[in-house]
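The working numbering puts the first residue of the sequence shown at 2, with every later residue one more than the last.
For the record, the hints were derived by calculation from the structure and aren't laboratory data.
Heads up, some of the hints might be wrong.
Quick list of in silico lysine-lysine cross-link-like pairs, BS3-like style, CA-CA up to 27 angstroms [as the list claims (entries may be wrong)]: (1) Lys529 to Lys552; (2) Lys571 to Lys432; (3) Lys81 to Lys130; (4) Lys339 to Lys317; (5) Lys165 to Lys102; (6) Lys336 to Lys294; (7) Lys339 to Lys130; (8) Lys253 to Lys294; (9) Lys598 to Lys560; (10) Lys253 to Lys81; (11) Lys617 to Lys658; (12) Lys297 to Lys335; (13) Lys322 to Lys346; (14) Lys677 to Lys687; (15) Lys336 to Lys205; (16) Lys297 to Lys134; (17) Lys125 to Lys205; (18) Lys81 to Lys317; (19) Lys452 to Lys346.
Each pair of labels, with its calculated beta carbon distance range [unchecked claim]: (20) Trp51 to Phe672: 55 to 61 angstroms; (21) Pro442 to Pro578: 51 to 57 angstroms; (22) Glu54 to Gln563: 50 to 56 angstroms; (23) Lys687 to Val608: 27 to 33 angstroms; (24) Glu652 to Gln443: 26 to 32 angstroms.
Note that CB positions come from ideal geometry on N, CA and C, so glycine has one too.
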Amino acid sequence: MSPHPPPSNSYELGFKELGFTFTKRYPLKKLVLALLIAISLQLTAFSQYWQQEVNYTIDVSLNDKDHSIDAFERIEYINKSPDTLHFIWFHLWPNAYKNDKTAYSDQDLENGNTRFYFSNRENKGYINKLDFKVNNVTALLEDHPQHIDIVKLVLPGPLLPGQKVSITTPFHVKLPFNYSRMGHDGESYQLTQWYPKPAVYDSKGWHPMPYLDQGEFYSEFGSFEVSITVPRNYVVAATGELQNPTELNWMKSRSSFNWEPIKTKEKLKGGIIKTSTQLFPASDRESKTLVYKLDKIHDFAWFADKRFIVNFDTCKLASGKIINVYTYYTTANKKSWKRSIQFCKDAVRHYSALVGEYPYPVVSAVQGPQSFGGGMEYPTITVISPTNDEKELDGTIAHELGHNWFYGILASNERDHPWMDEGINTYYDHKYMRSKYPPEPQLESLYFEYKAINHTDQPIETPAEKFGVVNYELVAYHKTGVWMNWLESVLGTEACNKAMQDYYRRWQFRHPQPEDFRASIEESSGKKLDSVFSLLNKPGLLPNQYRSGTKFVFALNVKPIQEYLVHPYKELYLIGPALGTNSYDKFMLGAFFTNYKMPVSRLSFFVAPMYSFGAKRLAGLGTLRFSSYQGFGWVRKIDVFFNGSGFAYDEFLMLNKKKKYFSFSKASFGFRFTAKEKDPRSNALKYLQAKTYIISEETFGQITYDTVGSVITQHVP
């Protein structure tokens, strides 16, 4: 006998995809209610923040004969997302240096750097000998359709939410010469972005990204245990805590180490003398293995050099916490780095006081090679190129160690939102420098204002690779720092400090997005900040970047000019002596008067009248230009200009033995329409220009005039 059919107001269903299975008959109203509750619970779960966890164990050996490493990597990948994963994107960033067709090479060339593009094969690098296994099962690798430094690891089976897999692979890296962040310069090694690394998977999906010089990184948090094998006399500086007590004691003995290049001469056949220089000590035949560990980090870098001096000290924070501080540098930079430990301690205390306490047990700064430009940060360690300027080193150490907060601990997506690290960090390192040194010339401010007025800047909220090479520095770093000053002025210093400290506590060891940063600041301050945060998406000057005031300055008085560079006014007028000479006017003496400066005023002029001691008459030149930046259609800027000059151009010996000088005058009138450039990364300058010349020449008893026809030009450099 078949069962009775359910009544019309009941239903029977299985909702396995929602995590619920209904095997009994329920009244329809109750079923709808249960269904709504289930959907609500699922939507709530999906809206909650989550992030993946990636734990690494790596064994690596350095071969300093052929500048390579051989390694084996074990990864525990824990899927904390609500999604089932069928593959994992992996970064193989050493392949960025494999040839001149990578994203790194293309960008470097666009930015005007040709060293890598024209480098020989020996100085390039790559990663190979990969053999990925997932839970001991060989896994398939699929190439990225565009980038050779990204691959897709196809999982042998689905990775469900809450589950984890073990991924292993050997790998070999041929280290390039250090053109960007990674590589070597002789036997000085910089191992950064060196191991196969899963891309981030977050609520917005996968983030596989090619290696770029202009554009940094986004990585998953986890733990690292890295064993590094090198010849015994290498000093290694690395992320995390060194686990070898004997090595720690040996490094502390390196404070008095000294190495100078050894020059030798060899007499060859024919009396030829060959001079050679040994730049590095010979490598020991015996090796050592060093182990480094640390939790709650998302990257690992290490540096090795046989010439390193090592300085060590401890730093006590306000809470009483003690951290170990190391600096590593060569004898050649001993003078400028002698106070480097103190600079590190000052920086860590500065950021700990203003943002939040430094959470790790160690911090280090390493001198990189001359080929490496600037500085680059990694968890607990930073590398900095050589400098002889102690103040510059102090500022660079502060900035790079500050990235431990804004990158290391608050691991935002720097490739898409570089301002969240670089710009906010700039705001704090400027506070650091102002607390220790007198104000400096605001050259970055003046240059940015010039670009903003000319409509060639870009919004703060621009992905790193979309910035023009100059705008990356001026906007992502400088303008964001100024924007943070504006935020501080709106909230008040005390409220701003509290809001940033709340943001740090809430989002440390996580991946905050711009909307998370805004929500945290607004919640802490209790203010809606629409007008402040809307500025992130707009080009142009910020409210606190408009100048005021006028100053007249005598050009030979250096002090007022220096004052202007430190505290620029809206208008600056310069008066000074003008000197000149030519074959007929001989020596000329006069004065100039101008308002040319950076940025240029809308109405700008330069006049320099001079007395000619040869022709015994007035000579000189001048220019007047009006610029409109309103623009229309394809036009970015309109200039209307007038230029004029007058000098002697010939002489005639009269019968009475007196010289007669003839003069000429030239005036030009014109206008220029400068085009908008669609691609902000382009360096092309396109314009249409019309110019008319009127030239007058004095001869015996008369003056003749000639007008040169208007010329229209288009210029694309």
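*asked:* Holds or violated: Lys452 and Lys346, Cα atoms, limit 27 angstroms.
replied: Cα-Cα ~37 angstroms, so violated.
*Within a Cα-Cα threshold of 27 angstroms, do Lys297 and Lys134 meet the stated pairing?*
Judged against 27 angstroms, a Cα distance of about 25 angstroms means the pair holds.
_Proposed proximity, Lys294 with Lys336 (alpha carbon, max 27 angstroms)_ = Violated, at roughly 32 angstroms.
*asked:* Does Lys205 sit within 27 angstroms of Lys336, going by the straight-line distance between their CA atoms?
replied: violated (49 angstroms)
_55 to 61 angstroms was suggested as the range; check whether the CB atoms of Trp51 and Phe672 agree with it._
With Cβ atoms ~59 angstroms apart, the hint holds.
*Would you mind confirming whether the straight-line C-alpha gap from Lys571 to Lys432 stays at or under 27 angstroms?*
holds (24 angstroms)
*Starting from the hint 50 to 56 angstroms, judge whether the C-beta atoms of Glu54 and Gln563 obey it.*
Roughly 53 angstroms apart at Cβ, these two residues keep to the hinted range, so it holds.
*Would you check the hint for Lys165 and Lys102, treating anything up to 27 angstroms between C-alpha atoms as holding?*
With a Cα-Cα distance of about 36 angstroms, the restraint between Lys165 and Lys102 is violated, given a limit of 27 angstroms.
*Given the hint that Lys529 pairs with Lys552, test it: the Cα-Cα distance must not exceed 27 angstroms.*
violated (39 angstroms)
*Pairwise beta carbon distance, Lys687 to Val608, judged against the given window 27 to 33 angstroms*: This hint holds: roughly 31 angstroms between Cβ atoms.
*Do the alpha carbons of Lys81 and Lys130 lie within 27 angstroms of each other, as the hint requires?*
violated (30 angstroms)
*Given the hint that Lys297 pairs with Lys335, test it: the Cα-Cα distance must not exceed 27 angstroms.*
Since the Cα atoms of Lys297 and Lys335 sit roughly 33 angstroms apart, the hinted pair is violated (cutoff 27 angstroms).
Hint violations for this structure: numbers 1, 3, 5, 6, 7, 10, 12, 15, 17, 18, 19, 21 and 24, all remaining hints satisfied.
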